[in-house]
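Heads up: the protein sequence lines correspond to chains R and A, in order.
Per my numbering, the first sequence starts with residue 648, numbered consecutively.
Per my numbering, the second sequence starts with residue 180, numbered consecutively.
To be clear, the hints were calculated from the coordinates, so they are not data collected in a lab.
It is possible that part of the hints are untrue.
With a straight-line cut-off of 30 Å between C-alpha atoms, the simulated BS3-like cross-links for lysine-lysine are [what the hints assert, rightly or not]: (1) Lys-191/A with Lys-682/R; (2) Lys-210/A with Lys-221/A; (3) Lys-682/R with Lys-306/A; (4) Lys-295/A with Lys-682/R; (5) Lys-306/A with Lys-210/A; (6) Lys-295/A with Lys-306/A; (7) Lys-306/A with Lys-710/R; (8) Lys-210/A with Lys-682/R.
If you want a taste of the chain A side facing chain R, the calculated C-beta under 10 Å gives, among others [said to hold, decoys possible]: (9) Thr-265; (10) Thr-277; (11) Gly-303; (12) Phe-317; (13) Pro-318; (14) Asp-321; (15) Arg-328.
Beta carbons: idealized from backbone N, C-alpha and C, even for Gly.
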Amino acid sequence: MFSVNVGASLGDISVATSDEGGLSSDQLAEMARRKIIYVSQDAPPAVREQAQVFSERVEQVVKHYVDLARGEERATICQILRNAGHKDIAEYVRRL
Amino acid sequence: MAITQAMCSSFKQELLVGTHNFTNGSGNTFKLALYAIGGGGKSGTTATLGAATTAFTTTGEVANSGSYASGGGALTNVTPTLSGTTALTDFADLSFTTATITARGALIHNSSASNKAVAVLDFGSNKSSSSGTFTIQFPTADASNAIIRIA
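Build the full structure now, drawing on both the sequences and the hints.
Set out below in structure tokens:
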């Protein structure tokens with residue numbers, strides 16, 4: 648008699664939502680952190696604690712650069728609008 | 180009337196007859212459709228999804244809003260790989276923008292193969308966006324967490 652056991656499993660997804668606009672930098676940073684670091688619940692407590700601290704640090708760094716990217720993107724849009732003669736809209740975008 | 184997270188039984192059988200191809204680029208097109216319970220679906224319908232689901236259905240599907248249209252959004256496949264003895268596949272995260280949606284779960288289905296069901300996802304609670312973004316993030320693509328794993 649010969650048999651092979653094969654198990655198929657499904658992972659857990661996360662959902663992020665927003666109102667009146669796109670996702671916040673905090674939400675995006677948290678999503679990035681989840682993709683970068685996974686802390687196993689089976690890990691020894693000391694390792695888990697260290698990984699948790701590292702994970703929080705990664706999230707802070709990612710958030711900083713997401714904020715920066717948003718600002719730079721707005722600056723580029725602002726300049727394009729200004730060059731096209733839409734100074735009022737450019738100013739509005741700059742203040743967002 | 181409920182949404183129960185499960186890999187669809189029909190999908191397991193279809194894997195063995197080569198119905199589904201998750202290869203990026205040359206593979207099938209998979210979609211993710213959103214569903215509501217408590218009469219929150221289009222025309223007041225409620226979703227009943229689980230392991231016995233065999234194909235996409237509009238019953239209980241959320242109404243079109245923003246970039247969400249019936250059938251759901253197309254997923255970007257990540258070509259299956261092996262991690263040790265576990266085969267796994269993944270999808271890129273999916274966002275619906277400028278959308279007003281309340282959903283309790285989702286169905287991944289193969290739109291290249293008569294919308295055959297792959298997996299039912301339960302969000303655990305209602306998730307809502309109002310004139311905003313509704314994003315589904317898939318787990319890390321490794322042997323312990325990937326969205327679809329065969330060990």
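Report task. Hold the hint about Thr-277/A up to the distance rule: shortest CB distance to chain R must be less than 10 Å. Result -> holds, 9 Å
Query - Arg-328/A as chain R interface residue, shortest Cβ-Cβ below 10 Å - result: This hint holds: Arg-328/A lies near chain R, its Cβ roughly 5 Å from the closest one there, short of 10 Å.
Report task. Mind checking the CB of Pro-318/A against every CB in chain R and telling me if the closest is under 10 Å? Result -> holds, 4 Å
**Report entry** Agreement of hint Gly-303/A with chain R interface, Cβ distance less than 10 Å
**Finding:** holds, 9 Å
Query raised in the report: At a threshold of 10 Å, is the proposed contact between Phe-317/A and chain R supported by beta-carbon distances?
Result: holds, 6 Å
Query raised in the report: Is the straight-line distance between the alpha-carbon of Lys-295/A and that of Lys-306/A 30 Å or less?
Result: Roughly 25 Å separates the two Cα atoms, so the pair holds.
Query raised in the report: Holds or violated: Lys-306/A with Lys-710/R, Cα cutoff 30 Å?
Result: Holds, at roughly 23 Å.
Query raised in the report: Taking 30 Å as the top limit, are the C-alpha atoms of Lys-210/A and Lys-682/R close enough?
Result: Roughly 21 Å between the alpha carbons, so the hint for Lys-210/A and Lys-682/R holds.
Query raised in the report: With 10 Å as the cut and Cβ atoms as the points, is Thr-265/A at the interface with chain R?
Result: holds, 9 Å
Query raised in the report: Does Lys-210/A pair with Lys-221/A here, judged by a C-alpha cut-off of 30 Å?
Result: holds, 18 Å
Query raised in the report: Measuring from the C-beta of Asp-321/A to each C-beta in chain R, is the shortest one below 10 Å?
Result: Constraint on Asp-321/A satisfied, holds at 7 Å.
Query raised in the report: Within 30 Å, alpha carbon to alpha carbon, are Lys-682/R and Lys-306/A?
Result: At roughly 21 Å apart (the allowed maximum being 30 Å), Lys-306/A and Lys-682/R satisfy the hint.
When held up to the earlier numbered hints, the structure conflicts with none and fits them all.
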